[in-house]
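> Each residue of the sequence shown is one higher than the one before, starting from 35 at the first, in this note's numbering.
Bear in mind the hints are in silico, worked out from the structure with no lab data behind them. It should be emphasised that the depicted structure is a prediction, and the values quoted were computed from it without experimental measurement. Backbone N, C-alpha and C fix where the C-beta goes; we use that ideal spot for every residue, glycine too. Warning: the hint list may mix true and false statements.
DSSO-like, lysine-lysine: derived pairs with alpha carbons at most 27 Å apart [said to hold, decoys possible]:
#	residue 1	residue 2
1	Lys174	Lys230
2	Lys116	Lys214
3	Lys230	Lys203
4	Lys134	Lys104
5	Lys89	Lys48
6	Lys214	Lys174
7	Lys48	Lys81
8	Lys116	Lys104
Have a look at the derived ranges for each label pair, beta carbon to beta carbon [stated by the list, open to error]:
#	residue 1	residue 2	range
9	Asp138	Ala221	10 to 20 Å
10	Ile207	Lys134	45 to 55 Å
11	Gly91	Ser191	21 to 31 Å
12	Lys48	Lys175	36 to 46 Å
13	His127	Ser224	37 to 47 Å
14	Asp113	Val133	35 to 45 Å
15	Lys134	Gly57	16 to 26 Å
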Amino acid sequence: MDHLTETKCFNSYKKGQVIFHEGNRPFGLFCVFDGKVKVSRTGSDGKEQIIRLAKQGDTLGYRSLIENSKYTASAVALDDTKACFIPASEFNHLIDSNVKVASDLMRMLAQVLGQTQDALVHLATKPVRERLAEALLLLKKTYGHDEGEEKFSIAISRDDLAAIVGTAKETVIRVLSDFKEEGIVSAQGSLITLLKPEKLVKISSLYD
């Protein structure tokens, strides 16, 4: 995406601010420069389901832009975030004129779709305890700075955590309390710290 550096502009988003809305038409491409973003859609029951977590360097909204269709999900800043915006006209020109960029985008789209499908399968087949363990490990994998770090901490609302797991907030609070009693995590307000990620790995793989 370095080819687009001359035409991109940067926008800042506060925690909880919407970057783009499900159902709207895309006007360009977004790339996360700094911060954390959730991509979610509204289920048939009216509840939010988080289908992707994005970090620095990740691209958002390209599927709808390529297909010239409405956004199938919304993107919201999980904390203060800066994202670059690339106008649709410039993006489409690059796709039409650069085979490598088009190929890279198709590969990225397939990868993200595969990750989404895997997540949905896990949500459908695992008990809540295993799903919460997997969600916490996913947060560590996505936003952790070092694979070897002993303790990973992240500020995330229980509503967002429930939307990742695919269950009620009250259920997440109860299972998270169990993890705290077992010494696997600590929690203070919205801040969750993984004390024993290796135990979360064992819990999350019980039904694999």
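> All hints are to be evaluated individually against the structure, with a verdict given for each.
Tested hints:
no. : hint                        : in the structure
1   : Lys174 - Lys230             : 12 Å, holds
2   : Lys116 - Lys214             : 33 Å, violated
3   : Lys230 - Lys203             : 23 Å, holds
4   : Lys134 - Lys104             : 25 Å, holds
5   : Lys89 - Lys48               : 15 Å, holds
6   : Lys214 - Lys174             : 17 Å, holds
7   : Lys48 - Lys81               : 23 Å, holds
8   : Lys116 - Lys104             : 23 Å, holds
9   : Asp138 - Ala221: 10 to 20 Å : 39 Å, violated
10  : Ile207 - Lys134: 45 to 55 Å : 47 Å, holds
11  : Gly91 - Ser191: 21 to 31 Å  : 24 Å, holds
12  : Lys48 - Lys175: 36 to 46 Å  : 26 Å, violated
13  : His127 - Ser224: 37 to 47 Å : 42 Å, holds
14  : Asp113 - Val133: 35 to 45 Å : 37 Å, holds
15  : Lys134 - Gly57: 16 to 26 Å  : 32 Å, violated
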